[in-house]
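Trainee: Counting in this note's numbering, the sequence shown runs from 1 upward without gaps.
Treat the hints as calculated values from the structure; they're not laboratory data. Beta carbons are placed, not taken as given, at the ideal position from N, Cα and C, and that holds for glycine. Take the hints with a grain of salt, since some may be wrong.
Claimed, not checked - Across the chosen pairs, the derived CB separations fall in these ranges:
1) Met1 x Ser35: 16 to 26 Å
2) Phe6 x Ala44: 14 to 24 Å
3) Met61 x Phe14: 22 to 32 Å
4) Met38 x Ala8: 22 to 32 Å
5) Pro64 x Val29: 45 to 55 Å
6) Leu32 x Met61: 26 to 36 Å
7) Pro64 x Val24: 38 to 48 Å
8) Phe14 x Phe36: 30 to 40 Å
9) Met61 x Leu34: 17 to 27 Å
10) Pro64 x Val33: 48 to 58 Å
11) Pro64 x Leu32: 18 to 28 Å
12) Leu2 x Ala44: 17 to 27 Å
13) Ala44 x Ala8: 14 to 24 Å
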Amino acid sequence: MLAIVFMAMMGGVFALVNTPLAAVVTTLVRTLVLSFTMSVNTMALFADGSFGMAVLTAILMRSPKPRSNP
(Lines of atoms letter the chains of each structure in order from A and count residues from 1; the text may use other names and numbers.)
(Lines give C-alpha, C1' and ligand atoms only; values in the text may rest on other atoms or scores of the structure.)
Protein backbone atom coordinates (compact mmCIF):
# COMPACT_ATOMS: atom_id res chain seq x y z
CA MET A 1 0.00 0.00 0.00
CA LEU A 2 2.86 2.36 0.82
CA ALA A 3 4.36 1.85 -2.62
CA ILE A 4 1.08 2.76 -4.32
CA VAL A 5 0.74 5.95 -2.28
CA PHE A 6 4.36 6.88 -2.93
CA MET A 7 4.03 6.33 -6.68
CA ALA A 8 0.83 8.41 -6.75
CA MET A 9 2.65 11.21 -4.95
CA MET A 10 5.55 11.01 -7.41
CA GLY A 11 3.13 11.22 -10.33
CA GLY A 12 1.41 14.21 -8.80
CA VAL A 13 4.71 15.98 -8.24
CA PHE A 14 5.74 15.25 -11.80
CA ALA A 15 2.51 16.71 -13.17
CA LEU A 16 2.44 19.76 -10.89
CA VAL A 17 6.15 20.65 -10.76
CA ASN A 18 8.26 19.21 -13.56
CA THR A 19 5.97 19.94 -16.50
CA PRO A 20 5.45 23.63 -15.62
CA LEU A 21 9.15 23.89 -14.77
CA ALA A 22 10.06 22.84 -18.31
CA ALA A 23 7.69 25.50 -19.67
CA VAL A 24 9.25 28.16 -17.44
CA VAL A 25 12.77 27.13 -18.44
CA THR A 26 11.96 27.40 -22.15
CA THR A 27 10.36 30.80 -21.59
CA LEU A 28 13.09 32.39 -19.45
CA VAL A 29 16.29 31.00 -20.95
CA ARG A 30 17.98 32.46 -24.01
CA THR A 31 17.86 30.39 -27.19
CA LEU A 32 21.65 30.14 -27.24
CA VAL A 33 21.78 28.00 -24.07
CA LEU A 34 18.31 26.44 -24.24
CA SER A 35 19.52 22.95 -25.17
CA PHE A 36 21.99 22.95 -22.26
CA THR A 37 19.42 24.10 -19.72
CA MET A 38 16.83 21.58 -20.92
CA SER A 39 19.47 18.85 -20.59
CA VAL A 40 20.22 19.92 -17.02
CA ASN A 41 16.49 19.99 -16.27
CA THR A 42 16.08 16.45 -17.64
CA MET A 43 19.07 15.15 -15.66
CA ALA A 44 17.62 16.68 -12.49
CA LEU A 45 14.34 14.90 -13.23
CA PHE A 46 16.10 11.53 -13.56
CA ALA A 47 18.19 12.12 -10.43
CA ASP A 48 15.04 13.03 -8.50
CA GLY A 49 13.38 9.79 -9.61
CA SER A 50 16.44 7.76 -8.64
CA PHE A 51 16.63 9.27 -5.17
CA GLY A 52 12.89 8.81 -4.72
CA MET A 53 13.09 5.12 -5.57
CA ALA A 54 16.08 4.71 -3.25
CA VAL A 55 14.10 6.24 -0.38
CA LEU A 56 11.08 4.05 -1.15
CA THR A 57 13.28 0.94 -1.24
CA ALA A 58 14.88 1.86 2.08
CA ILE A 59 11.46 2.36 3.68
CA LEU A 60 10.13 -0.93 2.35
CA MET A 61 13.24 -2.85 3.41
CA ARG A 62 12.88 -1.65 7.03
CA SER A 63 9.34 -3.01 7.30
CA PRO A 64 9.19 -5.76 9.97
CA LYS A 65 6.46 -7.84 8.35
CA PRO A 66 7.47 -10.87 6.24
CA ARG A 67 7.43 -10.65 2.47
CA SER A 68 6.83 -13.28 -0.15
CA ASN A 69 9.85 -14.50 -2.07
CA PRO A 70 9.43 -14.57 -5.83
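Trainee: Range first: 17 to 27 Å. Now tell me if the beta carbons of Met61 and Leu34 are that far apart.
Mentor: Hint violated: Cβ distance 41 Å, outside 17 to 27 Å.
Trainee: Check the following: the C-beta atoms of Met38 and Ala8 are separated by a distance inside 22 to 32 Å.
Mentor: For Ala8 against Met38, whose Cβ atoms are near 27 Å apart, the range 22 to 32 Å holds.
Trainee: Evaluate the given range 16 to 26 Å for the C-beta pair formed by Met1 and Ser35.
Mentor: Violated, since Met1 and Ser35 (Cβ atoms, about 42 Å apart) do not stay within the stated range.
Trainee: If you check the beta carbons of Phe14 and Phe36, does the distance land in 30 to 40 Å?
Mentor: For Phe36 against Phe14, whose Cβ atoms are near 22 Å apart, the range 30 to 40 Å is violated.
Trainee: May I ask you to test the hint 22 to 32 Å on the CB atoms belonging to Met61 and Phe14?
Mentor: Since Met61 and Phe14 have Cβ atoms about 24 Å apart, the given range 22 to 32 Å holds.
Trainee: Given the hint of 45 to 55 Å, is the C-beta distance from Pro64 to Val29 inside that range or not?
Mentor: 48 Å, holds
Trainee: Could you say whether the range 14 to 24 Å given as a hint is met by the Cβ separation of Phe6 and Ala44?
Mentor: 19 Å, holds
Trainee: Given the hint of 26 to 36 Å, is the C-beta distance from Leu32 to Met61 inside that range or not?
Mentor: Violated: the Cβ-Cβ distance is about 46 Å, outside 26 to 36 Å.
Trainee: Could you tell me whether the CB distance from Leu2 to Ala44 stays inside 17 to 27 Å?
Mentor: 25 Å, holds
Trainee: Taking the beta carbons of Pro64 and Val24, is their distance inside 38 to 48 Å?
Mentor: 43 Å, holds
Trainee: Is it true that Pro64 and Val33 lie within 48 to 58 Å of each other by Cβ?
Mentor: 50 Å, holds
Trainee: Taking 18 to 28 Å as the stated bounds, is the beta-carbon spacing between Pro64 and Leu32 within them?
Mentor: 55 Å, violated
The structure shown violates the earlier hints numbered 1, 6, 8, 9 and 11.
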